[in-house]
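Colleague: Now for the letters of each chain:
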Amino acid sequence: MSDALRAAILAAADAVDAARPELGRLDGVAGDGDHGMTMSIGVRNIRTRFAAAPSGTSTPDLLRDVALAMADVGGAIGPLYSSGLTAMAATIEATGSARADPVTRLLQAVEAAELAVVGLGHARPGDKTLIDALHPMVGSLRRAEAEGDDLLTAAEMAATTAEAGAASTADMVARVGRASRLGERSRGHPDAGATSLAIIVRAMAEACRRAPVDDEQGPLCVS
Amino acid sequence: MSPISGGVRKKLINDPFDAVDEMVDGFVAAHSDIVRRVAERVVVRFPPDRPKVGLVIGGGSGHEPAFLGYVGPGLADAAAIGNIFAAPSPETCLTAIRATSTGMGVILVYGNYAGDRMNFGIAAERAAAEGIEVRTVLVTDDVASAPPAEIERRRGIAGDIVVFKCAGAMAERGATLDEVERIARAANDATRTMGVALYPCEVPGTGRLSFELSEDEIEIGLGLHGEPGVRRGPLLSADETAEILVATILADLPERARHEVAVLVNGLGATAQLDLYILYRAARRALERAGHAVSRSFVGDYITSLEMAGASVTVMCLDDELRGLLDDPARTARSNW
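If you read the sequences in order, they're chains A and B.
Using our numbering, the first residue of the first sequence is number 3, and each one after it goes up by one.
Using our numbering, the first residue of the second sequence is number 97, and each one after it goes up by one.
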């Protein structure tokens, strides 16, 4: 059952809306200033699709709904989220029958997302993009898995790591994407795409913590 | 409650989330003699009377009359329309490709931005899988956006328009996909642009200006979406500004021989035509002083940045072929060809 995942995604959608002015401001420093509005259009698309998706829709199907909603946004962020979420859906589907540890399954899904996003956008850590939030998050989940942490702990750590990764982009100089034209002038402000990803992960981790205790798989990792 | 409360610029819009769709509604209603809408965000010309190479252009909204204003006989067959300053989705691009395919292939010509490359790129792959031959030419005319050694990283700005025009005219003549691609590349290679911004714009819904510039400052090389430029400095006269823009362009052209050139002075949305003609006058003088002959000129708001104030100068080196293509007739909503 993925109703808890749906709730977590909708919580992330609300967080994105609340951050719209700040995301626009950050994007305006180095780019065209549309990131807050573009993400808000994306979460509106998600709410519309979710309203039509029946309760009990599987996790891969929900993730594919979100992927389609983000693809419809266009821009640079649309295809990146769309490809990452599509890869997550496929990975979760492929591991769905295995009784794997939920942290392992979350890790595998997020690893697949990173691979897909890098494959499309060609950014590397340090380029001042959302990869600088996503990549450390994968490392954090890997450590959580190695240490046998439970899902809530892993999600909490992932959110904290993503936030630290997003904050670290303030000291970076953009090398890819629209902001890259700026060179040194991009230094001093965090990347808008890394910031919005950290906001999303934090909102989902918090929703995860609020989720009913009997949902033992947790909202982030269900079949 | 007003849906536009919180904005810093006065705008004649309704809900910011509806702005693009309502603009397209208005556009297709106003120009129903030239275009029709085949999807929410795809505008196409009326079908040609014979098969031809399809020319698909597009990009984010907020640049009107670009891109949908360049759809029509002699120019683009379709425009894929994105959200404000955001590339159109893969589905939108694919719909545009399918709608313009008449068996001779489709060429995509758009400005070089990461988002546009991803979305049009995904659509091109899917179209190819459906058996449509697709070529892509990226417009990279903005001198300010990367040094000559990294010319392929440059973004596309007002030079879009003359590249679209040449490619569109070539396709209209019945040329093959190879020939249209060759012309689009030649037109892009021959074209350089430098811009200057005076005042920022506000993307609807963001509640903030796209950048900040004090009353006595200008920014040279600023992008078509308010991306910061290369240099900020005190406000200069039209003549001084034109000198800087033209000198930067000429220094960037591969060969310094005497050229016949076309000049496009483009307004960004909130700069008076009066200013644009004064800028054109100065740019033309600077070009002629450098030994260039200006044989074709375009002055006006060809590709804008909402209500940004500022302008750009585009120089296109002409030969008989490109001049002829610029001169070919075209009938589009932005119609003064």
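Honestly, the hints are just simulated from the structure, not real lab data.
Be a bit skeptical, because a hint or two may be false.
[Claimed, not checked] Covered stretches of chain A, going by a simulated chain B footprint (3 or more residues, C-beta under 8 angstroms):
{"id": "1", "segment": "16 to 29"}
{"id": "2", "segment": "38 to 46"}
{"id": "3", "segment": "71 to 81"}
Keep in mind it's a predicted model, so treat the numbers as computed, not measured.
Built from N, CA and C at the ideal position, the CB exists for glycine as well.
Colleague: Can you give the numbers of the hints that this structure goes against, from lowest to highest?
Modeller: Per hint list: zero violations.
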